[in-house]
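Participant: Please work from the sequences and hints to get the whole structure.
There are 2 protein chains.
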Amino acid sequence: MRAALPFLLLVLTACRPAPETPERTALRIMDESAKAHTAIDAINIRYMRYMNGNMADSVASLFMENGVLMPPNMPAVVGREEIRRFFTESPLPPGAAYTFMAADVVANGPELVERGEFSLALPASGRTPAATVTGKYLVHWRNVGGRWLQAATIWNEDTPVTP
Amino acid sequence: MRAALPFLLLVLTACRPAPETPERTALRIMDESAKAHTAIDAINIRYMRYMNGNMADSVASLFMENGVLMPPNMPAVVGREEIRRFFTESPLPPGAAYTFMAADVVANGPELVERGEFSLALPASGRTPAATVTGKYLVHWRNVGGRWLQAATIWNEDTPVTP
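Line by line, the protein sequences give chains A and B. For the first sequence, the positions run 1 to 163 when the numbering used here is used. For the second sequence, the positions run 1001 to 1163 when the numbering used here is used.
Hints are computed from structural coordinates only; laboratory data are not their basis. The beta carbon of each residue, even a glycine, is placed where N, CA and C say it ideally should be. Be aware that one or more of the hints could be misleading.
[Unchecked claim] Among the chain A residues that face chain B by a calculated CB cut under 7 Å, a handful are: (1) Thr-25; (2) Met-70; (3) Gly-109.
Facilitator: Below, the structure written as structure tokens:
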């Protein structure tokens, strides 16, 4: 027994779960973020198709049950059902198309922040000429059972308000 | 030695660092988020004082070196120095005051998302009567050496654009 004691103490010391150092955490987050960026890019390809096809049900399916959509110049839209209704009642005009792209993705376990840029191409309509609106957004995604879903989404336009 | 073997095997099995289960992760994030909410509320009290006092240096000090500020109706402002310049060149009018409040805080290790609501009280000025603008925001905070700093901040107003 006495011979085993130093070995036992060594094992107990060596295998104590070490808390992750800040440096290790930073490296792990960089690694997870790179992988998550690819995943979000793939989701965004579908997301754009849903948006530009006015597929409100599919757009809403990318949000958490209690997700919050924060469009400019109106109050927040709270919950997947209300978000579905919002996209149903505010379809894009025919020929309009969103393009958006993640500029930065930070993922730590099931929580993810995507910062990105969008443009919205609007075709000519009546006396209004064709135009492109650009803007920026932040999305808080959460991984729920292996799927990234939007917990909170906000955007605004770069264009100055013309009074 | 033989008598110690089962005990040794037990120790080796018991102390293998178990990966965190999704349930445990969710509970840990809830716990961290509650604590972080208190920390963010305290920062926001200072933040409001800096904003409403037009203390551009102090406001900028709450951002990461490469932080991104995304105000409505203008392009993003990138980097603490540019953010400082932005707040220096766009002071609040005398008597104007922001109030903001975190509605939801989610923290996982050094990454934090704050969703909140703000109001901006504007005093009467010339022919323009006093008004209050409300809106919503999302802030991505990162803990750098024990301090929460803004990595990305975006907001928009609830008020419809009047053409």
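Participant: Next, verify each hint and record whether it holds.
Facilitator: Each hint, compared with the structure:
no. : hint    : result
1   : Thr-25  : holds (6 Å)
2   : Met-70  : holds (5 Å)
3   : Gly-109 : holds (6 Å)
The structure shown violates none of the earlier numbered hints.
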